[in-house]
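Q: Sequence order for the protein chains is R and X. For the first sequence, the numbering used here begins at 100 and goes up steadily by one. For the second sequence, the numbering used here begins at 3 and goes up steadily by one.
Keep in mind that the hints were calculated from the coordinates and are not lab data. Quantities reported herein were computed from a predicted structural model and do not represent experimental measurements. For each residue, glycine too, the CB sits at the ideal point set by N, CA and C. Hints are supplied without guarantee of correctness; some may be wrong.
[Said to hold, decoys possible] Per the computed footprint, the stretches of chain R lying under chain X, defined by three or more beta-carbons under 8 Å from a beta-carbon of chain X, are:
1. 257 to 268
2. 293 to 304
3. 345 to 355
4. 402 to 412
This is what each chain is made of:
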Amino acid sequence: MTNVPLGNEPAIRDTPGPTASDSARRKKRRRSAAKRGQNLYGWIFVSPALAILIIFLVVPIILALYISFTNWSGITSPFASAVHFVGLKNYKTILTEPGLAQQNFGTAVRNNFYYVIFVVPLQTALALWLAILVNNKFLKGKGFFRTAFYFPSVTSSIAITTVFIFLFSGTGAVNRALSLFGIKGPDWIYDQNGVITTILSSLGVHSPPSWANFQILGLSLWNWFAGPSFGMCVIIILAIWTTSGTFMLFFLAALQNISEEAEEASEIDGATAWQRFRYVTLPMLRPVVLLVATLGFIGTWQVFDQSFLTGPNNPTMVTPAFLAYQVSFADFAFGEGAAIAFLLFGLIVVLTLLQRKFVKEDLTK
Amino acid sequence: MLIIFALLYLAPFAFETANSFKTDGDASANGLSLIPHPPTVSAWNQIFGISNNGVTDIPRWLFNSALVATFITIGSVVLASLAGYALARLEFKGRRIVFGLVIATLAVPSVVLLIPQFLMLKELGLFNTYAGMILPICVSATGIFMMRQFFLQVPVALEEAARMDGAGVFTTWWRVVLPVVRPGLITLTIISFQGAWNQFAFFEVATISPKYFTLTTGLANIVGGGLSAGNQFPLKLGASLLTTIPIAALFFVFQRYLVRGRLEGSLKQ
Numbered sequence: 100m101t102n103v104p105l106g107n108e109p110a111i112r113d114t115p116g117p118t119a120s121d122s123a124r125r126k127k128r129r130r131s132a133a134k135r136g137q138n139l140y141g142w143i144f145v146s147p148a149l150a151i152l153i154i155f156l157v158v159p160i161i162l163a164l165y166i167s168f169t170n171w172s173g174i175t176s177p178f179a180s181a182v183h184f185v186g187l188k189n190y191k192t193i194l195t196e197p198g199l200a201q202q203n204f205g206t207a208v209r210n211n212f213y214y215v216i217f218v219v220p221l222q223t224a225l226a227l228w229l230a231i232l233v234n235n236k237f238l239k240g241k242g243f244f245r246t247a248f249y250f251p252s253v254t255s256s257i258a259i260t261t262v263f264i265f266l267f268s269g270t271g272a273v274n275r276a277l278s279l280f281g282i283k284g285p286d287w288i289y290d291q292n293g294v295i296t297t298i299l300s301s302l303g304v305h306s307p308p309s310w311a312n313f314q315i316l317g318l319s320l321w322n323w324f325a326g327p328s329f330g331m332c333v334i335i336i337l338a339i340w341t342t343s344g345t346f347m348l349f350f351l352a353a354l355q356n357i358s359e360e361a362e363e364a365s366e367i368d369g370a371t372a373w374q375r376f377r378y379v380t381l382p383m384l385r386p387v388v389l390l391v392a393t394l395g396f397i398g399t400w401q402v403f404d405q406s407f408l409t410g411p412n413n414p415t416m417v418t419p420a421f422l423a424y425q426v427s428f429a430d431f432a433f434g435e436g437a438a439i440a441f442l443l444f445g446l447i448v449v450l451t452l453l454q455r456k457f458v459k460e461d462l463t464k
Numbered sequence: 003m004l005i006i007f008a009l010l011y012l013a014p015f016a017f018e019t020a021n022s023f024k025t026d027g028d029a030s031a032n033g034l035s036l037i038p039h040p041p042t043v044s045a046w047n048q049i050f051g052i053s054n055n056g057v058t059d060i061p062r063w064l065f066n067s068a069l070v071a072t073f074i075t076i077g078s079v080v081l082a083s084l085a086g087y088a089l090a091r092l093e094f095k096g097r098r099i100v101f102g103l104v105i106a107t108l109a110v111p112s113v114v115l116l117i118p119q120f121l122m123l124k125e126l127g128l129f130n131t132y133a134g135m136i137l138p139i140c141v142s143a144t145g146i147f148m149m150r151q152f153f154l155q156v157p158v159a160l161e162e163a164a165r166m167d168g169a170g171v172f173t174t175w176w177r178v179v180l181p182v183v184r185p186g187l188i189t190l191t192i193i194s195f196q197g198a199w200n201q202f203a204f205f206e207v208a209t210i211s212p213k214y215f216t217l218t219t220g221l222a223n224i225v226g227g228g229l230s231a232g233n234q235f236p237l238k239l240g241a242s243l244l245t246t247i248p249i250a251a252l253f254f255v256f257q258r259y260l261v262r263g264r265l266e267g268s269l270k271q
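I would like the entire structure built from these sequences, with the hints used as guidance.
A: Listed below in structure tokens is the structure:
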């Protein structure tokens, strides 16, 4: 491709400048050169980040999946000859073989389950409510309130859990405050009793009916229905307190997009504040509610830091994420720990896919 | 109503601060009081290493936190703005696959990475080193994705003009595009620093010696059993306040960037 006319070609050009087709050709060439440059630069730009993602994320996950089928102790190399492939043994130990490992896993799932079903609805509702209050156009000092509600979520979870352990210690501030009303508070974090069992026993039900002895994951139905322990309630309160501010921001952003006209129109129609919220605001916020709820479901299955501080020797505070750590790094059963981590991974991936599906469906409606 | 709520949200920080100026006995006995009696800076003297208790070296934790968080922040800002630009603007072979990989890793929860990352650090001989604390988390898929979104908003005409003037890809990125996405860079810097400063789980599995304790892993160690439970609350609360202060300062100065980043980072799709 040159601009020099080939020898035998009849000279059809009578203007000196390049023709239209010529310039198009030249442009094309420039573009393909640019493309070649972009190909090279694209890889140069992306490879450092890509290399780290592959070395410290993709490869380790594949290795850990392999580990979950072995009896690796974490001390030697996972490829040493002492490490044996054990097939599905680790998964069976956790899920189907009666024993301590199964019971620990069942307990961790139960603990986290109660955490999820209390935290997700409460944080979503509270976040929405705070957003509506802060969004009030007559409110003075909006910035202050937004800051106050959002601030807890930017701080370190270890630092803030430390503060809560202090506040809820046996003789801590919360129990002092309760005693002012003549209530003797429990030893919050270290109280092993479930909230529901405690309520039942105050009603006179102390032992499980025979049907409640049926076992699932090494745990009797009675234990499954025990409810969160008092310690778990502290962590639930902590989670709601730290995350509602973040999710409030989501709702605030969405509320600012709802036209005032829609609200005013309904106001003129004589709708009460509740009706206006129920039939105008809430339907418009539906996609955000869905997003916040699913982000909540994904996040709440990953509690680790809080469990790390309160979970040792305290079975009702152990979550699956912390159990995977404990089994690996304290008991050196890395195969079993990796298996727990993968079960958790599977659950979270399913939740993430559901989120993408639901949120997308809702947006296309 | 709102004021009551705001007080409820801020109250734990008031207790945290007040009790760090109490004596051990006073904090245990009068946890509800916000006025230290007698007030003392003994916990803070220990924190700043003025009086040594032989157990904790909090100045070192502070140094480690600052060091590691700084490097992680620099790494993630530089690498994410390179990769984000390539994914937004450079047409290279395999771009869609790389982008797909980044999106896929967004869904991987960090808690399931603990065992894999420990494994990898051991295999590479980086376990219990500063490099091992920094490298694996100095790139985040969220950061790359966020920067890509920021670059997509830059008008293409700007880059075309630069290219007409004969600027190469690198010069265009460095001289023309990066200055335009400055707000995005600030957002990512704040978010990365906050994440690295508050990071706990990963540091816990990446190191074992106390000399690599950061404020979070060190604090978790004394709360979780290094000192007997129920004791030394002023020291623990002081250390947790020290962990909170730098982030609080950042928060008040750069609040709007944090808010923006939180929203952009979470509304991934």
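Q: Against each hint, give a clear statement of whether it holds in the structure.
A: Verification of the hints:
1. 257 to 268: holds (count 11)
2. 293 to 304: violated (count 0)
3. 345 to 355: Coverage by chain X holds here, the residue count being 4 at a Cβ distance below 8 Å.
4. 402 to 412: With 5 residues in contact (Cβ-Cβ under 8 Å with chain X), the coverage given for the segment 402 to 412 of chain R holds.
In summary, the one numbered hint that this structure violates is 2.
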